[in-house]
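Enquirer: This is what each chain is made of:
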Amino acid sequence: RKEVEQDPGPFNVPEGATVAFNCTYSNSASQSFFWYRQDCRKEPKLLMSVYSSGNEDGRFTAQLNRASQYISLLIRDSKLSDSATYLCVVGALGRFGAGTRLTVKP
Amino acid sequence: NAGVTQTPKFRVLKTGQSMTLLCAQDMNHEYMYWYRQDPGMGLRLIHYSVGEGTTAKGEVPDGYNVSRLKKQNFLLGLESAAPSQTSVYFCASFPVVGPYNEQFFGPGTRLTVL
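Read top to bottom, the protein sequences are chains U and G. With the numbering used here applied, the first sequence covers 1186 to 1291. With the numbering used here applied, the second sequence covers 319 to 432.
So that you can see chain U by itself, here it is in the shape it has in the complex (with noise of 0.2 Å):
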């Protein structure tokens, strides 16, 4: 079992469409968790951390469930600008999942 997983998509949706990402992490013990956002062939750039109690930021919400071992992203009232790769990124040494991709059509 890889130790962050992510559905790799890629998810397809409309404008104005709520969309919801998981990544799940095998690592029980591990304290940090990040949304990043990777446009095509650039850098990662942070979305935002992931706090325990969950946290939002404008159209994105981010929970985290310690029991079940899974970190979501939530994205709503999608905007063409949100297409990209989303990738969850757990633990200190910086364990990625594969990312998301994300098409907004219009």
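It is worth saying that the hints were derived from the structure and are not from the lab. Heads up, some of the hints might be wrong.
Quick partial rundown of chain U residues pointing at chain G, CB under 8 Å, derived from the structure [as the list claims (entries may be wrong)]:
#, residue
1, Asp1192
2, Pro1193
3, Phe1196
4, Leu1272
5, Gly1279
Note that the Cβ used here is the ideal one computed from N, Cα and C, for glycine as well.
Fit chain G to the given chain U structure using the hints.
Expert: Then chain G, alone, in the frame of chain U:
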């Protein structure tokens, strides 16, 4: 502030050649990491450093060596390049390890080994 820079941006090598990738950061960060990214596999940690003069192996260290002689620089070396090392290499830095500390990435080096 330049942030994290990587040199070179692109390189083509022949099998068996050697090269060094340079990562530099001007944010006085303690931690520096080298990743490789292959299609469909996300980023995998090659080596990392928790401070000047220290290095440690990551998930996929074989075929690579690193050095951190100065706090601001982290070098990744390929002694004898192989086609399996064709990849995009990203360097990242961050101040300390913590639950909410962001990694800052360089723009990447695209390496092709023929």
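Enquirer: Indicate, hint by hint, whether the structure satisfies it.
Expert: Status of each hint after checking the structure:
{"no.": "1", "hint": "Asp1192", "in the structure": "violated, 13 Å"}
{"no.": "2", "hint": "Pro1193", "in the structure": "holds, 7 Å"}
{"no.": "3", "hint": "Phe1196", "in the structure": "violated, 16 Å"}
{"no.": "4", "hint": "Leu1272", "in the structure": "holds, 6 Å"}
{"no.": "5", "hint": "Gly1279", "in the structure": "holds, 6 Å"}
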